[in-house]
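Peer 1: Sequence:
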Amino acid sequence: TPYVAPTTKPQAKPTTPYVAPTTKPQAKPTTPYVAPTTKPQTKPTKPQAKPTTPQPTRPTEPATTAPVIHGKNGVILDTLYLNRVDGSKAKVPETLDELGGPDVGLEIWYDTKRHNMDVFGVGLVFNQSTKKDVEVYFGKSSCEKDTENGMVMQYNYKNTDIYVTFNFFKDTGKIRAISIDGDKGLDTY
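102 is the number that full-length UniProt numbering gives to position 102 of the sequence shown; each next residue is one higher, with no gaps.
Keep in mind the hints are simulated off the structure, nothing from the lab. From a predicted model like this one, the values you see are computed outputs, not experimental measurements. It cannot be assumed that every hint is accurate.
To be verified - Ranges of calculated distance between the beta carbons of each label pair, as one might list FRET restraints:
| # | residue 1 | residue 2 | range |
| --- | --- | --- | --- |
| 1 | Leu96 | Asn116 | 27 to 33 angstroms |
| 2 | Val75 | Val104 | 17 to 23 angstroms |
| 3 | Lys170 | Asn116 | 17 to 23 angstroms |
| 4 | Trp109 | Lys145 | 28 to 34 angstroms |
Glycine included, every Cβ here is placed at the ideal spot set by N, Cα and C.
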């Protein structure tokens, strides 16, 4: 008898449809284009000699003129403020009425409470700043006088009837006192 192979049922494979895994589209990070920066080419400069005395700084209060000009021909052009020992400020009077009259004046003298005080906030300090420091900031004074108590120099304040007078110690040449009044000239010194 011929051999007959047993019949087998074909094995059915499970049919699960192929589903591709879901992926979120990846967004590429975008970085803005920044042009490369180039440093300006500078020529080497010769070293500058540094001044031996500190230079006065600009006031923090608003100026009444261009920021570069502080004084001219013996006239102080900036609005000045007096720095008080308690830290407050007072505007320097611009008229005799603001001062209190023709016979009234303000005098500020060097003492231990004010020795490190920047009087007007412009870098002029009692017993530290000299006539040169005052001239660097305000320019040449309208008049000067050498007295037995030291050099005295006067400025007119903003072309008004108010005068600011600096008195310097005779031995050191540092600021000793500052007067603000209506006395033109140095006859009283």
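Peer 1: Run every hint past the structure and note whether it holds.
Peer 2: Results of checking the hints against the structure:
no. : hint                                : in the structure
1   : Leu96 / Asn116: 27 to 33 angstroms  : holds (32 angstroms)
2   : Val75 / Val104: 17 to 23 angstroms  : holds (22 angstroms)
3   : Lys170 / Asn116: 17 to 23 angstroms : holds (22 angstroms)
4   : Trp109 / Lys145: 28 to 34 angstroms : violated (18 angstroms)
Violation of the numbered hints given earlier is confined to hint 4; every other hint is satisfied by the structure.
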